[in-house]
Amino acid sequence: MNKVYSLHDAVAKFVENGDCICFGGFTTNRKPYAAVAEILRQGQTDFTVWAGPAGGDWDMMIGEGRVKAYINCYTANSGYTNVARRFRAAIEAGKLTYEDYSQDVLMLQLHAASLGLPFLPVRLMQGSGLMKYWGISEEQRKTMDKVDNLKAVEIENPFCPGQKVVAVPVPKLDTAIIHVQKASPDGTCIIEGDEFHDVDIAVAARKVIVTCDELVSDEFIRRDPTLTRIFGECVSAVVHAPYGAWPSQCYNYYDNDPNALREYDKASKYLDAEDAKAQLAKAAAKAEKAAAKDPENAKLAEAAQKAVAAAKAAEEGTSIPMTFKDYLDKWVYSVKDHGELLDKIGGKRLMSLRNAPHLGYSNTHLK
Amino acid sequence: MADYTKYTKQEMQAYAIAKNIKENQIVIVGTGLPLIGASLAKAVVCPSCHPIVESGLMDCDPVEVPRSVGDNRFMAHCAVQWPNIRFIGFEANEWIHDEDRLIAFIGGAEIDPYGNVNSTCIYGDGDYVKPKTRFTGSGGANGIATYCNTIIMMQHQKRRFTEKIDYITSCGWMDGPGGREKVGLPGNRGPQMVVTDLGIMKFDEETKRMYLAYYYPFSSPEMVKENTGFDIDVSRAELFEGPSPEIIRIIREEIDPGQAFIKVPKE
Numbered sequence: 001m002n003k004v005y006s007l008h009d010a011v012a013k014f015v016e017n018g019d020c021i022c023f024g025g026f027t028t029n030r031k032p033y034a035a036v037a038e039i040l041r042q043g044q045t046d047f048t049v050w051a052g053p054a055g056g057d058w059d060m061m062i063g064e065g066r067v068k069a070y071i072n073c074y075t076a077n078s079g080y081t082n083v084a085r086r087f088r089a090a091i092e093a094g095k096l097t098y099e100d101y102s103q104d105v106l107m108l109q110l111h112a113a114s115l116g117l118p119f120l121p122v123r124l125m126q127g128s129g130l131m132k133y134w135g136i137s138e139e140q141r142k143t144m145d146k147v148d149n150l151k152a153v154e155i156e157n158p159f160c161p162g163q164k165v166v167a168v169p170v171p172k173l174d175t176a177i178i179h180v181q182k183a184s185p186d187g188t189c190i191i192e193g194d195e196f197h198d199v200d201i202a203v204a205a206r207k208v209i210v211t212c213d214e215l216v217s218d219e220f221i222r223r224d225p226t227l228t229r230i231f232g233e234c235v236s237a238v239v240h241a242p243y244g245a246w247p248s249q250c251y252n253y254y255d256n257d258p259n260a261l262r263e264y265d266k267a268s269k270y271l272d273a274e275d276a277k278a279q280l281a282k283a284a285a286k287a288e289k290a291a292a293k294d295p296e297n298a299k300l301a302e303a304a305q306k307a308v309a310a311a312k313a314a315e316e317g318t319s320i321p322m323t324f325k326d327y328l329d330k331w332v333y334s335v336k337d338h339g340e341l342l343d344k345i346g347g348k349r350l351m352s353l354r355n356a357p358h359l360g361y362s363n364t365h366l367k
Numbered sequence: 001m002a003d004y005t006k007y008t009k010q011e012m013q014a015y016a017i018a019k020n021i022k023e024n025q026i027v028i029v030g031t032g033l034p035l036i037g038a039s040l041a042k043a044v045v046c047p048s049c050h051p052i053v054e055s056g057l058m059d060c061d062p063v064e065v066p067r068s069v070g071d072n073r074f075m076a077h078c079a080v081q082w083p084n085i086r087f088i089g090f091e092a093n094e095w096i097h098d099e100d101r102l103i104a105f106i107g108g109a110e111i112d113p114y115g116n117v118n119s120t121c122i123y124g125d126g127d128y129v130k131p132k133t134r135f136t137g138s139g140g141a142n143g144i145a146t147y148c149n150t151i152i153m154m155q156h157q158k159r160r161f162t163e164k165i166d167y168i169t170s171c172g173w174m175d176g177p178g179g180r181e182k183v184g185l186p187g188n189r190g191p192q193m194v195v196t197d198l199g200i201m202k203f204d205e206e207t208k209r210m211y212l213a214y215y216y217p218f219s220s221p222e223m224v225k226e227n228t229g230f231d232i233d234v235s236r237a238e239l240f241e242g243p244s245p246e247i248i249r250i251i252r253e254e255i256d257p258g259q260a261f262i263k264v265p266k267e
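Protein sequences appear in the order of chains A and B. For the first sequence, the tail end lands on 367 under the working numbering, and the numbers increase by one without skipping. For the second sequence, the tail end lands on 267 under the working numbering, and the numbers increase by one without skipping.
It is worth saying that the hints were derived from the structure and are not from the lab. Treat the hints loosely; a few may be bogus.
What the hints assert, rightly or not - Calculated pairs, SDA-like style, for lysine to any residue (alpha carbon to alpha carbon, straight line, at most 20 Å):
{"hint": "1", "chain 1": "A", "residue 1": "Lys266", "chain 2": "B", "residue 2": "Lys9"}
{"hint": "2", "chain 1": "B", "residue 1": "Lys130", "chain 2": "A", "residue 2": "Glu139"}
{"hint": "3", "chain 1": "B", "residue 1": "Lys130", "chain 2": "A", "residue 2": "Asn355"}
{"hint": "4", "chain 1": "A", "residue 1": "Lys336", "chain 2": "A", "residue 2": "Glu139"}
{"hint": "5", "chain 1": "B", "residue 1": "Lys182", "chain 2": "A", "residue 2": "Val165"}
{"hint": "6", "chain 1": "B", "residue 1": "Lys132", "chain 2": "A", "residue 2": "Ala283"}
{"hint": "7", "chain 1": "A", "residue 1": "Lys282", "chain 2": "B", "residue 2": "Val129"}
{"hint": "8", "chain 1": "B", "residue 1": "Lys263", "chain 2": "A", "residue 2": "Asn82"}
{"hint": "9", "chain 1": "A", "residue 1": "Lys164", "chain 2": "A", "residue 2": "Gly94"}
{"hint": "10", "chain 1": "A", "residue 1": "Lys172", "chain 2": "A", "residue 2": "Pro185"}
{"hint": "11", "chain 1": "A", "residue 1": "Lys132", "chain 2": "B", "residue 2": "Gln10"}
{"hint": "12", "chain 1": "B", "residue 1": "Lys9", "chain 2": "B", "residue 2": "Lys266"}
{"hint": "13", "chain 1": "A", "residue 1": "Lys132", "chain 2": "B", "residue 2": "Glu226"}
{"hint": "14", "chain 1": "A", "residue 1": "Lys164", "chain 2": "B", "residue 2": "Gly184"}
{"hint": "15", "chain 1": "B", "residue 1": "Lys132", "chain 2": "A", "residue 2": "Glu92"}
{"hint": "16", "chain 1": "A", "residue 1": "Lys164", "chain 2": "B", "residue 2": "Trp95"}
{"hint": "17", "chain 1": "B", "residue 1": "Lys263", "chain 2": "A", "residue 2": "Arg262"}
{"hint": "18", "chain 1": "A", "residue 1": "Lys68", "chain 2": "B", "residue 2": "Pro177"}
{"hint": "19", "chain 1": "A", "residue 1": "Lys269", "chain 2": "B", "residue 2": "Lys130"}
{"hint": "20", "chain 1": "A", "residue 1": "Lys164", "chain 2": "B", "residue 2": "Pro177"}
{"hint": "21", "chain 1": "A", "residue 1": "Lys164", "chain 2": "B", "residue 2": "Asp175"}
{"hint": "22", "chain 1": "B", "residue 1": "Lys182", "chain 2": "A", "residue 2": "Lys277"}
{"hint": "23", "chain 1": "B", "residue 1": "Lys158", "chain 2": "B", "residue 2": "Lys263"}
{"hint": "24", "chain 1": "A", "residue 1": "Lys132", "chain 2": "B", "residue 2": "Gly184"}
{"hint": "25", "chain 1": "B", "residue 1": "Lys164", "chain 2": "A", "residue 2": "Gly94"}
{"hint": "26", "chain 1": "A", "residue 1": "Lys164", "chain 2": "B", "residue 2": "Lys9"}
{"hint": "27", "chain 1": "A", "residue 1": "Lys132", "chain 2": "B", "residue 2": "Lys182"}
{"hint": "28", "chain 1": "A", "residue 1": "Lys266", "chain 2": "B", "residue 2": "Thr133"}
{"hint": "29", "chain 1": "A", "residue 1": "Lys132", "chain 2": "B", "residue 2": "Pro186"}
{"hint": "30", "chain 1": "A", "residue 1": "Lys95", "chain 2": "B", "residue 2": "Ile96"}
{"hint": "31", "chain 1": "B", "residue 1": "Lys132", "chain 2": "A", "residue 2": "Asp275"}
{"hint": "32", "chain 1": "A", "residue 1": "Lys164", "chain 2": "B", "residue 2": "Ile96"}
{"hint": "33", "chain 1": "B", "residue 1": "Lys132", "chain 2": "A", "residue 2": "Gly135"}
{"hint": "34", "chain 1": "A", "residue 1": "Lys164", "chain 2": "B", "residue 2": "Lys158"}
{"hint": "35", "chain 1": "B", "residue 1": "Lys130", "chain 2": "A", "residue 2": "Lys172"}
{"hint": "36", "chain 1": "B", "residue 1": "Lys132", "chain 2": "A", "residue 2": "Ile136"}
{"hint": "37", "chain 1": "A", "residue 1": "Lys164", "chain 2": "B", "residue 2": "Gly187"}
{"hint": "38", "chain 1": "B", "residue 1": "Lys182", "chain 2": "A", "residue 2": "Asn157"}
{"hint": "39", "chain 1": "A", "residue 1": "Lys142", "chain 2": "B", "residue 2": "Gly187"}
{"hint": "40", "chain 1": "A", "residue 1": "Lys146", "chain 2": "A", "residue 2": "Asn82"}
Here chain A stands alone, though its shape is the one from the complex (with noise of 0.2 Å):
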């Protein structure tokens, strides 16, 4: 069965407003990136998140206010962004429905949904905040049908009397988007490098986006079956998507970009140009105080002096910097599809991103 879409109508057919939704990829390795910037085009909203290692990704879908409840274990572009930046300012100001898990927990609770398990005992948490403090309560949690009753109960093992483990839910996804090297049209994929939790996710979802950077037969892609991974059957769609992991990685095909990743750190610390105003004057006058106590010291003077010409700048108008919103536009809002967004990236900077087959990854995309 050919299951080969375009991008554009495998999101507008699996990808419904409050889906139970996992990508897969970790961090800034092999994010389905081409499929999130096409969601966030089409406009899907209200997902519940099994978020996984998560980077740029799932930062973006807070940041735009995609999500209805984030179930969380690490969220960071590692390496460029410490803490991802709209994740954190959404938390920060109350404003996103968050669970922790740790990440140990989290990626079983993906394979056990894969294996078919009604539920998952581990020995991890146990002592910890993860276990005392709930992000949702057993009262909300009951009001939201795509989330469990509960996070985490302690039990007693049957097998071991007096041994406590921790019961964890397992996730019942709705949809799993993932980005492959290779898919061919009846959904066969092959992940080169380190599968991460995808495998799981496309066995344990109802709906399956499978993006690649080559799509190649149903013949070519079983010529060596050590090397399939996913069974077409798992799959509903298969997109051609080149690049389609940008600004991530894509093991034995591309680097991350690392402009666009420092671009988006340095964007996303503003939420929009309102945003950008309040925190360079807020910014100034923590600068003004500083300066203020310790009148001698130049350097500090110095400091002020720019963070006041900043926020006036930002104020007036002639100079405020890069925002979310204006990153999102740029690379997201302002291209109809991948193929433009790839034009935009240009050649040369998608060629310099490409993988030194002797090393692994690019020594050209730096400069």
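Starting from the structure of chain A, add chain B where the hints point.
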């Protein structure tokens, strides 16, 4: 000629990490300083060690410094590319088999005298649901601190070393002797030391409270006392010798020439 006789606090920390890795140990590293320390160990101080990362990449020997634990720089230069769940299973089975080969580095924003670590959030006037400062969350740290002996990497500041932390992300010795067993954690695992920019702390065998074991050539027991927010015993402290110029040359020229994690001061 570059001058390798002076070193930074961070280089001292990386060296301290490397010196604390033992022959044949399996070392769980993250990115940043622990990776530089483990790379230094692998290169010169203790080449028999096996660095592994929580994404599931085993026995890593990267050529270029990776920026995240899932980086292609690890992936292309390791023995096995396991999914993360195998890493978790491996770490648990090491404990189940009573092996004592693992040592893990974790970091955090806050630590208490018993080595419990917070990398989730600082409450300020708020609480867990609406904190003043939010961090990434556990990542692999909670599981690592459950099943493995750990070395904790911290910046040594009063507000970070505090009698009571807001949130325990990774369990240390809990409230003292027997604390781990009480909550269901393996009692024969736990934090072994805390490596900071001012010294190396260990945990008293009787009380499980942190004490100063070593200070550096540029720090002192008094400095550690001043920058620790709880009462800390410094009476047992000894001097930890700094790295040789050759070690500093290797860090700067071979391990992190791009200064991804260790900034070299301009001469």
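Hints and how they fare:
{"no.": "1", "hint": "Lys266/A x Lys9/B", "verdict": "violated (27 Å)"}
{"no.": "2", "hint": "Lys130/B x Glu139/A", "verdict": "holds (18 Å)"}
{"no.": "3", "hint": "Lys130/B x Asn355/A", "verdict": "violated (42 Å)"}
{"no.": "4", "hint": "Lys336/A x Glu139/A", "verdict": "violated (42 Å)"}
{"no.": "5", "hint": "Lys182/B x Val165/A", "verdict": "holds (12 Å)"}
{"no.": "6", "hint": "Lys132/B x Ala283/A", "verdict": "holds (17 Å)"}
{"no.": "7", "hint": "Lys282/A x Val129/B", "verdict": "violated (24 Å)"}
{"no.": "8", "hint": "Lys263/B x Asn82/A", "verdict": "holds (17 Å)"}
{"no.": "9", "hint": "Lys164/A x Gly94/A", "verdict": "violated (33 Å)"}
{"no.": "10", "hint": "Lys172/A x Pro185/A", "verdict": "violated (26 Å)"}
{"no.": "11", "hint": "Lys132/A x Gln10/B", "verdict": "violated (35 Å)"}
{"no.": "12", "hint": "Lys9/B x Lys266/B", "verdict": "holds (15 Å)"}
{"no.": "13", "hint": "Lys132/A x Glu226/B", "verdict": "violated (32 Å)"}
{"no.": "14", "hint": "Lys164/A x Gly184/B", "verdict": "holds (6 Å)"}
{"no.": "15", "hint": "Lys132/B x Glu92/A", "verdict": "holds (6 Å)"}
{"no.": "16", "hint": "Lys164/A x Trp95/B", "verdict": "holds (17 Å)"}
{"no.": "17", "hint": "Lys263/B x Arg262/A", "verdict": "holds (18 Å)"}
{"no.": "18", "hint": "Lys68/A x Pro177/B", "verdict": "violated (42 Å)"}
{"no.": "19", "hint": "Lys269/A x Lys130/B", "verdict": "holds (19 Å)"}
{"no.": "20", "hint": "Lys164/A x Pro177/B", "verdict": "holds (19 Å)"}
{"no.": "21", "hint": "Lys164/A x Asp175/B", "verdict": "holds (19 Å)"}
{"no.": "22", "hint": "Lys182/B x Lys277/A", "verdict": "violated (51 Å)"}
{"no.": "23", "hint": "Lys158/B x Lys263/B", "verdict": "violated (24 Å)"}
{"no.": "24", "hint": "Lys132/A x Gly184/B", "verdict": "holds (14 Å)"}
{"no.": "25", "hint": "Lys164/B x Gly94/A", "verdict": "violated (24 Å)"}
{"no.": "26", "hint": "Lys164/A x Lys9/B", "verdict": "violated (43 Å)"}
{"no.": "27", "hint": "Lys132/A x Lys182/B", "verdict": "holds (15 Å)"}
{"no.": "28", "hint": "Lys266/A x Thr133/B", "verdict": "holds (18 Å)"}
{"no.": "29", "hint": "Lys132/A x Pro186/B", "verdict": "holds (19 Å)"}
{"no.": "30", "hint": "Lys95/A x Ile96/B", "verdict": "violated (42 Å)"}
{"no.": "31", "hint": "Lys132/B x Asp275/A", "verdict": "holds (18 Å)"}
{"no.": "32", "hint": "Lys164/A x Ile96/B", "verdict": "holds (16 Å)"}
{"no.": "33", "hint": "Lys132/B x Gly135/A", "verdict": "holds (15 Å)"}
{"no.": "34", "hint": "Lys164/A x Lys158/B", "verdict": "violated (36 Å)"}
{"no.": "35", "hint": "Lys130/B x Lys172/A", "verdict": "violated (27 Å)"}
{"no.": "36", "hint": "Lys132/B x Ile136/A", "verdict": "holds (18 Å)"}
{"no.": "37", "hint": "Lys164/A x Gly187/B", "verdict": "holds (14 Å)"}
{"no.": "38", "hint": "Lys182/B x Asn157/A", "verdict": "holds (16 Å)"}
{"no.": "39", "hint": "Lys142/A x Gly187/B", "verdict": "violated (36 Å)"}
{"no.": "40", "hint": "Lys146/A x Asn82/A", "verdict": "violated (30 Å)"}
Against the hints set out earlier in the document, violations occur for numbers 1, 3, 4, 7, 9, 10, 11, 13, 18, 22, 23, 25, 26, 30, 34, 35, 39, 40.
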